[in-house]
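Asker: What follows is the residue order along each chain.
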Amino acid sequence: MHIRAGSRTERYDRGWSNVRVIIVGAGQVGSSIAADLDATHDVVVVDCDPERVDELNYSLDVLAIHGNGTAVETLEEAGIEQADMVIASTDDDETNIVVCATAKAVSSAFTIARVKNTEYLRTWQHSEKAFGVDFMVCTNLLAAESIVRVVGLPAARDVDPFAGGKVQMAEFEIDEESPVADQTVSEADRFDSLTFAAILRDGAVTIPRGDTVIRPGDRVVVIGSPQSVQGFATTISPEEAPGTAEEVVIVGGSEIGYHVARLLEERGFKPRLLEQDSERARELAEELPNTIVMESDATDIDFLEREYIGDADLLVSALDSDEKNLLVSLLAARLGVERTVAVIDTTPYVELFEAVGVDVGVSPREVVAEEITRFTREGGAENVALIESDKAEVLEIEVDTNSVLSGKPIRESVAALPKGVVIGAITRNREFVTPRGDTVIEPGDHVVVFADSSVVGDVAPKL
Amino acid sequence: MKLRVDYKASLRLVGTVLKYLAVPLCFPLVVALYYGESVIPFVVTMAVTVLVGMGLERLAEDPDIGAREGFLMVAATWFAVTLVGAIPFLIEAHGVPFVMAALHPESTLGNPANALFETMSGFTTTGATVLGDISFESHSRSIMMWRQLTQWLGGMGIVVLAVAILPELSVGGAQLMDAEAPGPGIEKLTPRIAETARALWGAYLGLTVLEIVLLYGLHVTGNAPNMDVYNAIAHGLTTMPTGGFSPEARSIEAFSAAAQWVIVPFMVAAGTNFALFWHVLTGDPKRLVRDTEFKSYLGIIGVISAILAGVLFLGDGLASAAPAAGTFDQTYLETVQTAIVGNVEPSLRQSIFQVVSIVTTTGYASMDFNAWSAPTQYGLLFAMFIGGSAGSTGGAIKIVRWYVILKSLRRELFTTAHPEAIRPVRLAGRAVDERAIRGIYAFTLLYLVMFFVSTGLLHLDAARIGFELSVLESMSAVAATLGNVGPGFGVVGPMGSYLDFSNSSKLWMVLLMWMGRLEILPVFVLFTPEYWRR
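As you go down the protein sequences, you meet chains L and A in turn.
At position 192 of the first sequence (counting the first as 1) the number is 192 in my numbering, and the numbers step up by one without a gap.
At position 510 of the second sequence (counting the first as 1) the number is 510 in my numbering, and the numbers step up by one without a gap.
Careful: at least some of the hints might be erroneous.
Said to hold, decoys possible - Some chain A residues close to chain L (C-beta under 7 Å, calculated; not the full set):
1) VAL171
2) ALA174
3) GLN175
4) LYS188
Unchecked claim - Ranges between beta-carbon positions, derived for each pair:
5) A/LEU409 <-> L/SER108: 47 to 53 Å
6) L/ALA71 <-> A/ILE405: 31 to 37 Å
7) L/ASP345 <-> A/VAL5: 33 to 39 Å
Hints were generated in silico from the structure; no laboratory data involved.
Note that CB positions come from ideal geometry on N, CA and C, so glycine has one too.
Modelling step: build the complete structure from the supplied sequences, incorporating the hints.
Answerer: Written out as structure tokens, the structure is:
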């Protein structure tokens, strides 16, 4: 087994105290990452605006340096030789990629690049470590995922995507009215591609078996395909979770709008998408087979009434400007849309917009900063979700021939492992495979494993 | 009126600093035990500072320090430690009811204004004294060591020390250090401000220890008979902070030429930006010789010393006759004349020592420079305004400010001829921010205004009580306290004292020293209504 982009154990060994992180670009994203990390990491920030550098030196416990982050001298001044991690978070994709490539050329630091353009992300995913980037976060994609999660799974407390979004892990709280309350796990599990990984009860983690009874107040952790998790969400609280029959309107065919539509399509929704520009609308219509693309101005009241937009259950406003998104959301709410979600570029506006009537504001910058911070905190391991503060861990691993899992049906390999381990999901060639007792895991498969913390140390080497 | 300053948060942090002030008080306490003197002055002070500190700490739970609170915290800290630091002096003169009789009832520090003056002069590393009689007859050795130690604590900065060792100060730390540290702005050396503070204090401690060892080494090898352990420590503690207090009435004149030569490089080091030492120690020694301010600093010292050495050598540098009533008599004048005039080493040593002492604002003297001629004295008065480098322990205006001012004046002349020209002022190749230039002008102007206004006030106040004071004397008294230099000319000369001033003048000079150490603005701003309101 190896944990991709891994070296998790190595980073633990180095200890957390003196992890040196260089952040290039001190805009909203860079500053907020710096603010989140300054207490636990040695942070050096590089920016080309002297005033911003000055301000950061005083407001945060970081070393801010004025200079061009793509220049080797600047990176050297920032102490690149001792750096453990370089985060490129300027507003320009190309600059960020060049920063990472430069850092890779002169050091062995782990590099993280923030990009907007999904093309770069695709190239990077296609051949890992392309551009000298060890981890790439795509603002637009993350924002879209965040919107879909916010609107798609209202009952979920915590949702983590794995295997490039093909697998989701979600934690649900079961209340008394839920239909699955007091049912056994096998009764509640009506979905092929869903695995019950754990039940959290009174602060303890239980690995459920078929006859385990789910009680009200329990928190259930499930792992499965996005559709099945969505389906489960609908089952446990039919009133709250939107069924796929619900009407979703997306306003604006921006990158974010496009990804929201695409992700909703994957979950079985049939959204409508409004785009003003005819060429872009045509392009979107070709890309999104299950979406109704309409070419219109979203503030055209006649059009909105004619199309009964007001009857929609949900409206996502993903236009280019914050002001337009606010206007469209308020207009939609007035027309009778139940819930509105607006994309807000300027993070500090989120609270204000939510106060004046937008139900949920999503700031792409905030989302990306959170993602990078989370990633940095976890020390570069890919998707290690920690449930209930360290009681259990979820690992995503790529199986190689040395793994105990390789070439055997799951039933046999699990018997060789200690109790408290669940094979949550498998993806093969980027397709979801439902783990059953007789499923044979092949080398190259990505497996999401749920393990009790007490056994994680024994299990990890065997996989 | 609603206050816009969270004074409770500031005072809470002042409380923390006061609480920890008990730790350095252990040092004179140990000295007292060693010499068999009373420990009560220090035990009582420790109890007071811990209790007051803990009381203030209850004011706020989790202090949030912004720019305004930072100024208040730093200014209040310096005032609070001065109040506490004066307690041992007062106890020595008055005793403690029912516990201890007065140890030295004749001590001039029994007057609260004097005790406050001496302590503020100590913490701000000024070195101006109001001790009538500097000897162990009228003050115990432990009390004198406390006086030396206040300078050492104040040198690199009490708040910088607090940032270095107290984790709760790390977030607003940069703000606080900026308000305290000499020079425009601070230089962060490491990602963590606490590490920067520790690096500065480490260099400071290392140099202090080195100096003590060297001075005592001279004593052991027979080159400085009266530089015993006590004196070596006492002078080590006041050289590196550019302090200038000496337990010897004749200051450094009491020691051999060798000891005087050893002290000179340490005064020079004390006037250097300590960040440069950090660069040297972390493997970048070229930074020291490349630094514009350091080069100008050495250049200024070199030029002024050379001129004065020449004048002293030729005999024009000394007064022609001793005044009828003054700090020196005809015998002294004749002794120094035969020693200096026509002799290379003494003229060089006397001029270099005095110039370095004044430029770095240390305030030691290797001779009574009242015996110098009027033009050479004006040369020294001018030197009082130069000051050490930014980020050093020195006071006054600082080399880097003069450098920027001169460069921007040259730019004004250039743009008068070429109005369209855009010429950034450069410091070591890097353009200086225009706002920073404006700040430097404002500071320097305010400094000069304070100087002129205070000179007038002191002169008037002296006339009020019938205390004879020449213009040069009152000017030098203000320049020496505001610039944290210490000695001036005439009555306030290196072997004289500030004792004869009225209490009101002394309290005004306490304010000047306080302002001078914190570079005026952090204190001045507290007296503006806009600071407290919106």
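Asker: Has the hinted range 33 to 39 Å been met by the Cβ atoms of L/ASP345 and A/VAL5?
Answerer: 35 Å, holds
Asker: Quick one, is the A/GLN175 hint okay against chain L at 7 Å, beta carbons?
Answerer: Constraint on A/GLN175 satisfied, holds at 5 Å.
Asker: Close enough to count: is the Cβ of A/VAL171 nearer than 7 Å to one in chain L?
Answerer: 6 Å, holds
Asker: The hint names A/ALA174 as touching chain L; please verify it with the least Cβ-Cβ distance against 7 Å.
Answerer: 5 Å, holds
Asker: For the pair L/ALA71 and A/ILE405, does the Cβ-Cβ distance stay inside 31 to 37 Å?
Answerer: Taking Cβ atoms as reference, L/ALA71 and A/ILE405 lie about 32 Å apart, which means the hint holds.
Asker: Lying within 47 to 53 Å: is that true of the beta-carbon distance A/LEU409 to L/SER108?
Answerer: 50 Å, holds
Asker: Does A/LYS188 hold up as a contact with chain L if the rule is Cβ-Cβ below 7 Å?
Answerer: 5 Å, holds
Checked against the numbered hints above, the structure violates none of them.
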